[in-house]
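Its first residue numbered 305, the sequence shown is counted upward by one per residue in this note's numbering.
Since the hints were derived computationally from the structure, they do not count as laboratory data. Since the structure is predicted, the reported quantities are computational estimates derived from the model, not experimental observations. Hints are supplied without guarantee of correctness; some may be wrong.
Here are the computed distance ranges between Cβ atoms for each label pair [said to hold, decoys possible]:
(1) 480 - 322: 28 to 38 Å
(2) 436 - 384: 12 to 22 Å
(3) 446 - 399: 34 to 44 Å
(4) 376 - 438: 17 to 27 Å
(5) 456 - 415: 17 to 27 Å
(6) 345 - 451: 31 to 41 Å
(7) 451 - 315: 19 to 29 Å
(8) 474 - 331: 48 to 58 Å
Think of the CB as a built atom: it goes at the ideal place given N, C-alpha and C, for glycine as much as any other residue.
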Amino acid sequence: ATTKRLEKTDILEDIIKNIPAPKGDENKPTTALIFDCVYDNYKGAVAYIRLFDGALKKGDKIITMSNNAEFEITEVGYFKPGEYAETDKLQAGDVGYIAASIKNLSDIHVGDTITLKENPTKEPMPGYKKVNPMVYCGLYPVDGSDYENLKQALEKLKLNDAALEFEAETSTALGFGFRCGFLGLLHL
């Protein structure tokens with residue numbers, strides 16, 4: 305708390321005056337960083353992105369640079385409190401979301417770079433690398449018929465937790481399950 309009373313408008317004006325606007329060039333090849341993902345039952349995986357250069361719009365064909373997976377954008381927009389606001393285009397400096405009917409959740413990773421297929425950027429954003437798990441566990445459903453539900457739940461969890469790795473395994477005592485890898489005990 306401060307001893308001086310500040311009005312909301314004063315704070316917003318100060319932010320506008322002292323914090324520079326994001327820089328970017330709309331004429332350069334499109335470079336967007338995925339900083340988070342969520343799964344929507346109708347849209348598939350929705351990537352939250354920061355667009356550094358270029359522009360993205362509905363109908364653009366994009367690729368993810370970590371695995372060269374190709375998608376067509378079905379929706380672009382920005383965030384409003386508690387909802388998405390669809391727009392025609394995101395341009396350099398914008399923060400928003402893209403939906404591209406990404407149904408295979410292993411095709412999209414937090415920290416990955418998205419670029420346009422027809423004019424790709426040469427280099428991905430620096431800093432993306434695959435995380436190596438340090439702690440492992442076996443995870444099995446109580447009822448064998450819940451195996452597919454467990455698999456879908458792990459895929460959705462992996463969207464938000466890049467440190468999670470899992471692969472199918474079987475046990476004569478427990479049946480079908482997954483070997484899960486985490487960065488540390490707190491993830492487990």
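A range of 19 to 29 Å was offered for this pair. Does it hold for the Cβ distance of residue 451 and residue 315? violated (52 Å)
I want to verify a distance hint. Is the separation of the beta carbons of residue 480 and residue 322 within 28 to 38 Å? violated (57 Å)
I want to verify a distance hint. Is the separation of the beta carbons of residue 345 and residue 451 within 31 to 41 Å? violated (20 Å)
So the hint says 34 to 44 Å: do the beta-carbon atoms of residue 446 and residue 399 match that? About 41 Å separates the Cβ atoms of residue 446 and residue 399, which means 34 to 44 Å holds.
Given the hint of 17 to 27 Å, is the C-beta distance from residue 376 to residue 438 inside that range or not? Given a distance of about 38 Å, which is not inside 17 to 27 Å, the answer is violated.
Distance restraint evaluation - residue 436, residue 384, Cβ atoms, bounds 12 to 22 Å: About 38 Å separates the Cβ atoms of residue 436 and residue 384, which means 12 to 22 Å is violated.
Given a hint of 48 to 58 Å, does the C-beta separation of residue 474 and residue 331 actually sit inside it? holds (54 Å)
C-beta pair residue 456, residue 415: status relative to the range 17 to 27 Å that was hinted: For residue 456 and residue 415 the Cβ distance comes to about 23 Å; the hint holds.
In terms of the numbered hints stated before, the structure departs from hints 1, 2, 4, 6 and 7, listed from lowest to highest.
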